[in-house]
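Undergrad: Spelled out, the chains give:
2 protein chains.
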Amino acid sequence: MIRVAVDAMGGDFSYPPILQGCIDALKEKKDFSIILVGDEEALRKGIPSNLLDRISFVDTKDVFLMEENSTDVLKRKESSIYKAVELVRNKQADAVVSAGHSGATMSLATIRLGRVKGVDRPAIATLMPSVTGRILVLDVGANVDCESENLLQFAIMGEAYAKEVMGIKEPKIGLLSNGEEDCKGNKLTKESHKLLKNMKNFVGNIEGGHIFSGECDVVVCDGFTGNILLKTAEGTVGIFTKLLRSEISQSNFAKLGYILSKKAFKSLKRHLDYDQYGGAPLLGVNQCTIISHGKSNEIAIKNAIFQALKFAKSNINENIENEIKSMY
Amino acid sequence: MIRVAVDAMGGDFSYPPILQGCIDALKEKKDFSIILVGDEEALRKGIPSNLLDRISFVDTKDVFLMEENSTDVLKRKESSIYKAVELVRNKQADAVVSAGHSGATMSLATIRLGRVKGVDRPAIATLMPSVTGRILVLDVGANVDCESENLLQFAIMGEAYAKEVMGIKEPKIGLLSNGEEDCKGNKLTKESHKLLKNMKNFVGNIEGGHIFSGECDVVVCDGFTGNILLKTAEGTVGIFTKLLRSEISQSNFAKLGYILSKKAFKSLKRHLDYDQYGGAPLLGVNQCTIISHGKSNEIAIKNAIFQALKFAKSNINENIENEIKSMY
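Heads up: the protein sequence lines correspond to chains A and B, in order.
Here the first sequence is numbered in full-length UniProt numbering, starting from 1 and rising by one per residue.
Here the second sequence is numbered in full-length UniProt numbering, starting from 1 and rising by one per residue.
Just so you know, the hints here were simulated from the structure itself, not pulled from any lab data.
Every residue, glycine too, gets a C-beta built ideally from N, C-alpha and C.
Incorrect hints may have been included.
The following residues of chain B were derived to be distant from chain A, with all beta-carbon distances above 10 Å [claimed, not checked]: (1) Lys29; (2) Val58; (3) Glu86; (4) Gly114; (5) Met166; (6) Glu170; (7) Glu298.
DMTMM-like, lysine to aspartate or glutamate: derived pairs with alpha carbons at most 20 Å apart [claimed, not checked]: (8) A/Lys269 to B/Glu234; (9) B/Lys184 to A/Glu67; (10) B/Lys163 to B/Glu318.
On the chain A side, residues computed to face chain B include the following (Cβ under 10 Å) [stated by the list, open to error]: (11) Asp31; (12) Ile35; (13) Ala42; (14) Gly209; (15) Gly235; (16) Gly238; (17) Ala254.
Using the sequences and the accompanying hints, generate a full structural model.
TA: In structure tokens form, the structure reads like this:
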């Protein structure tokens, strides 16, 4: 039975949505248990008695806050995130999920769990919606300055995740660039292109505008560019919705139209919401770490736990290690 | 009277939309004339006789094609884009507009017109919609690898354009980065932040998601990142529309709703369309060069010409030169 350690106190809204997400996950799937790390007294009150045999507790009151400096977390051994990661390190849990300080989680996971053999830098991967389904983009923030070797490793890690966790047999790998032609790119992507060409499933450069068209399953970039990509896409959906709402409010016909189409809008929102994707796996560290958004609601937490289960059951890290070995 | 040289043959659809854009522009504003560079016989046929006194021709049959290598354009002295730029160089025109090969236009403008004193690298600036109006983003493609000095110069050029052409008195300048805090960024943006801090109107880092919120009037980045930003925003609008249409088609209620809201959608589309923005000014070269999208329709061409008029009447290049001088 897989054991998932959950940092119950991290996140912008403290424990209520996290606890609810855990309860919903336990109700929906049977083959796992949860270790809640946080204020045991408060947490215990909210749990239905029939689920208590699948939940255990590690009691702590200390929370590492969003505004703190991520490197300080290594000294905060009583914090919920530190204790949650230690459970994985000590083989008392198989995976950790946190909606707390993402930089702190990443530092702890990298240092306390260690990197997969051959990986120079772990990467944060995120799922984004596409016309045909979902694409995995990495890195989206861990490494703002990269070398081409890093991008090659990201590609290998992304491919392994797509195969093992997303269930895609032959995932198509693309390199984010400013044009589709091989000659397009900046210094980093041009060099990376030469290395990626050796991968069987590499389909070449992909432009920002084609990310969502389903041409690729995995898109590789440095963490700075990945962050710009992710935030721009979110921001564009935001302004689109805002402007549309403002246009619609100017006519009663349009208002009525909006009411009639509301279900379609809701369904679209669900497709685009990060809640559905759960969290971002940290790839390249030993064991499984899922980094959830600070604003995660119970749906996002539930899906992050499900992602952790799939990851923990897979052979992704062996796969990454072997692939990297075979490339050198 | 301002004289605008128009490359009538560049662009994906050859001369018809370009010619129509010129005619529409001449009808709407009186204080300028156009020099059409291209196949005179074909072009002359489409022009109403009452406009012929404000149009002159430079006849040529050679067109520099989109698939050609931009550096080759320097040898293609008979091509419409080469001849159009030469008109500006020889003071026979005050501005040039082209929807042809953008790399070729940039090379020609930089080499034949020369750079503004103090500018190391010209930049392509583009207007994007925001909640409050429009923002200018530069560079969006000319310079894929940059130094911090380049980004400082882009900021100065963008500020000058916002003041002189967009009519914003104190344009707020932002630096595109992966977080708002001063400490966030990659090597390039961290170094650039230190230089930009010396500008009075610099408001700090801005994230991809806040670009459209109206916090800034000018956003500065390297050309690679700018391209990713621009294309991702376009791509997101594309997938949003596509998914919404697919959701709406699944229910008759929603279909009716869409019909009722159609005007609102159209108005939104107009706000987001690049046609309304006309073209991208090439900043940092002597005289005015407006680079239009290869797929420009007549509205885009008309607006590109209007942009050229404003640019040509302004003191933007003196302004850039003086500002750069004062920074060193």
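Undergrad: Checked against the structure, which of the hints given earlier come out wrong?
TA: Violated hints: 11, 12 and 13; rest satisfied.
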